[in-house]
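S.K.: Here are the chains, one letter per residue:
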Amino acid sequence: MHPFVELSAYIDDALDSSAKAAVGTHLGSCAVCRTRLAELRDTARLIAALPAPVPSRSLVPRVSAPFWLAPMRTLATLASGAALFLFVASAVMSALPFGTGGGAAAPAFAPVSNASRERPAGPAGAAGPTGAADQRTSLTASASPAAGFAVNASPTPAPEAQRSLQTDATKAVTGTAAPAAQRGENVTTSPVVVAYSAPERPQLGPSPWIWLVLAVGFGALAFVLQRRLRAR
Amino acid sequence: MKGVSAEASALLVERARRGDARAFEQLARDVERPLYRHAVRMVGQADAEDVVQDALLAAWRSLTSFEGSSFRAWIFRIATNRALDRLRSRRRHPELPLDPPAEDDDDRSWAEPAAPGPDLTDIAADREALVIVEEALATLPAEQRAALLLRDVEGFAYEEIASITTVEIGTVKSRIHRGRLAVRNALVARGWKGPAG
Chain F
1 MHPFVELSAY
11 IDDALDSSAK
21 AAVGTHLGSC
31 AVCRTRLAEL
41 RDTARLIAAL
51 PAPVPSRSLV
61 PRVSAPFWLA
71 PMRTLATLAS
81 GAALFLFVAS
91 AVMSALPFGT
101 GGGAAAPAFA
111 PVSNASRERP
121 AGPAGAAGPT
131 GAADQRTSLT
141 ASASPAAGFA
151 VNASPTPAPE
161 AQRSLQTDAT
171 KAVTGTAAPA
181 AQRGENVTTS
191 PVVVAYSAPE
201 RPQLGPSPWI
211 WLVLAVGFGA
221 LAFVLQRRLR
231 AR
Chain D
1 MKGVSAEASA
11 LLVERARRGD
21 ARAFEQLARD
31 VERPLYRHAV
41 RMVGQADAED
51 VVQDALLAAW
61 RSLTSFEGSS
71 FRAWIFRIAT
81 NRALDRLRSR
91 RRHPELPLDP
101 PAEDDDDRSW
111 AEPAAPGPDL
121 TDIAADREAL
131 VIVEEALATL
141 PAEQRAALLL
151 RDVEGFAYEE
161 IASITTVEIG
171 TVKSRIHRGR
181 LAVRNALVAR
191 GWKGPAG
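Just so you know, the protein sequences line up as chains F and D, in that order. Okay, so the first sequence: first residue is 1 according to this note's numbering, each after it adds one. Okay, so the second sequence: first residue is 1 according to this note's numbering, each after it adds one.
None of these hints come from the bench; they were simulated from the model. Yeah, the Cβ is synthetic: ideal placement off N, Cα and C, and Gly gets one too. Treat the hints with care, as some may be off.
From chain F, some residues computed to sit far from chain D (all C-beta separations above 10 Å) [to be verified]:
#1 Ser17
#2 Gly24
#3 Ser29
#4 Ala44
#5 Leu46
#6 Ala48
#7 Ser58
#8 Val60
#9 Trp68
#10 Ala79
#11 Gly81
#12 Val216
#13 Phe218
#14 Leu229
Derived contacts from chain F toward chain D, CB cut-off under 7 Å, selection only [claimed, not checked]:
#15 Pro3
#16 Val5
#17 Ser8
#18 Glu39
#19 Leu50
#20 Pro61
#21 Pro66
#22 Leu69
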């Protein structure tokens, strides 16, 4: 009987002395087992000679790093993503062609933007081409050109001008809104046309570029923290 | 341990057990690559890095419970268990069998080697043989593969392998022989003539 089962342990010197002696005695008289032993030994040599793969990065956990480093890295990554989203969202919002559909969409945005713009101008403000941009959406125009932008404005001068909504809107385009309002003339030009002629958009919230700057800043912070966590 | 003497390693282990994170990182760096090459052949390259990282982190968290004499054997035990767990979790879509289809306690019948035929072509270079060995290892049952790699690649003694894989030493002996013989059979089947060839 060939002691095949013992041959690997014999190679590895893992047999007790009596078993080792018995196998050694058998090997002395058995060419088959000697051949098999040599094959198994060489097989073990080949297995040991297999190329050693190397990890693509350090796998050592940075247990000496401050405990807050990992959550801070996660927060910075999330903040960067959120700021990037806000940048894209605000850029898209400001680029959308509001009001191109005529009177349906435009009025919905007019009250907020107009109200915010009317105060600095005051009753004495002049209605130039810039102010005309808002005229298309003003539903309750008031006396002076600037006050005429507001929905609920309560201007003092020229109360008679409140009678004419279309007048404010159309005259503002030509830069003659104040006289027109004061005269209370009826102008037949469509407000939609005014909207197209004045492309400047009201600014909603901070500039989109602020979000981009924040996204880059948080991204850089996350990158630095990640490097710190991975550093050897 | 490569690059670190036994005394230095013992000192690092003691410092790490007392909570010295930098000492543990030094220990982990010394075993990182051996653990990785072991994990690659156990679970494949895709999961090997995760297995090693999980094992090292688990080792750090349970270092106070380490009471053995060999940190290297202890960390290999954790990594091998992680690798086997990972393979078991793949059982729904198995790529490699964990055990032979019909486990036979009679080693002799299973291990009867294939005899070289008369028309074998010589495998000229070890490089080709290594490819065959790699392929044959991948087809071994996971426990056999683990025992064989721990012996032939990592150089652990049978007693250490029994401790790492938590089986009797007789089982270790059987697994190593079966695995080695299966690799030898694969080589012979592809024309290997053995050491004389």
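S.K.: Taking the hints in turn, state whether each one holds.
M.R.: Here is what the structure says about each hint:
1. Separation of Ser17(F) from chain D is adequate, the least Cβ-Cβ distance of about 15 Å exceeding the 10 Å criterion.
2. Distance check for Gly24(F) against chain D: the nearest CB is about 17 Å away, which clears 10 Å, and the non-interface claim stands.
3. No beta-carbon of chain D is positioned within 10 Å of the beta-carbon of Ser29(F); the least distance is around 19 Å.
4. Not every CB of chain D lies more than 10 Å from the CB of Ala44(F), the least distance being 5 Å, so the non-interface label is violated.
5. Interface exclusion of Leu46(F) from chain D breaks down, the closest Cβ pair being 5 Å apart, not more than 10 Å.
6. The claim that Ala48(F) is not at the interface with chain D is violated, since a C-beta of that chain comes within 10 Å of its own (minimum 5 Å).
7. Consistency note on Ser58(F): stated as away from chain D, yet its beta-carbon is not over 10 Å from all of that chain's, at 7 Å minimum.
8. The non-interface label for Val60(F) is inconsistent with chain D: the shortest C-beta to C-beta separation is roughly 4 Å, within 10 Å.
9. Every Cβ of chain D is farther than 10 Å from the Cβ of Trp68(F); the closest lies at roughly 15 Å, confirming the non-interface assignment.
10. Every Cβ of chain D is farther than 10 Å from the Cβ of Ala79(F); the closest lies at roughly 26 Å, confirming the non-interface assignment.
11. The beta carbon of Gly81(F) is kept farther than 10 Å from every beta carbon of chain D, the shortest such distance being approximately 24 Å.
12. With a cut of 10 Å on Cβ distances, Val216(F) stays outside the contact zone with chain D, its closest approach being about 29 Å.
13. The claim that Phe218(F) lies off the interface holds: its Cβ sits roughly 26 Å from the closest Cβ of chain D, which is beyond the 10 Å cut-off.
14. No Cβ of chain D approaches the Cβ of Leu229(F) within 10 Å, the least distance being about 12 Å, so the stated non-interface status holds.
15. At about 10 Å, the closest approach between the beta carbon of Pro3(F) and any beta carbon in chain D exceeds 7 Å, and the interface hint on this residue is violated.
16. About 5 Å separates the beta-carbon of Val5(F) from the nearest beta-carbon of chain D, less than 7 Å, and the hint is met.
17. Below 7 Å, beta-carbon pairs count as interface contacts, and Ser8(F) has one with chain D at about 4 Å; its hint therefore holds.
18. Restraint check, Glu39(F) versus chain D: the minimum CB separation of about 4 Å is within 7 Å; hint holds.
19. Against a cut-off of 7 Å between C-beta atoms, the interface hint on Leu50(F) holds, since the closest Cβ of chain D lies about 6 Å away.
20. Restraint check, Pro61(F) versus chain D: the minimum CB separation of about 5 Å is within 7 Å; hint holds.
21. Interface restraint check: Pro66(F) against chain D, minimum CB-CB distance 11 Å, threshold 7 Å, status violated.
22. A cut of 7 Å between beta carbons decides the hint on Leu69(F): the least distance to chain D is about 12 Å, and the hint is violated.
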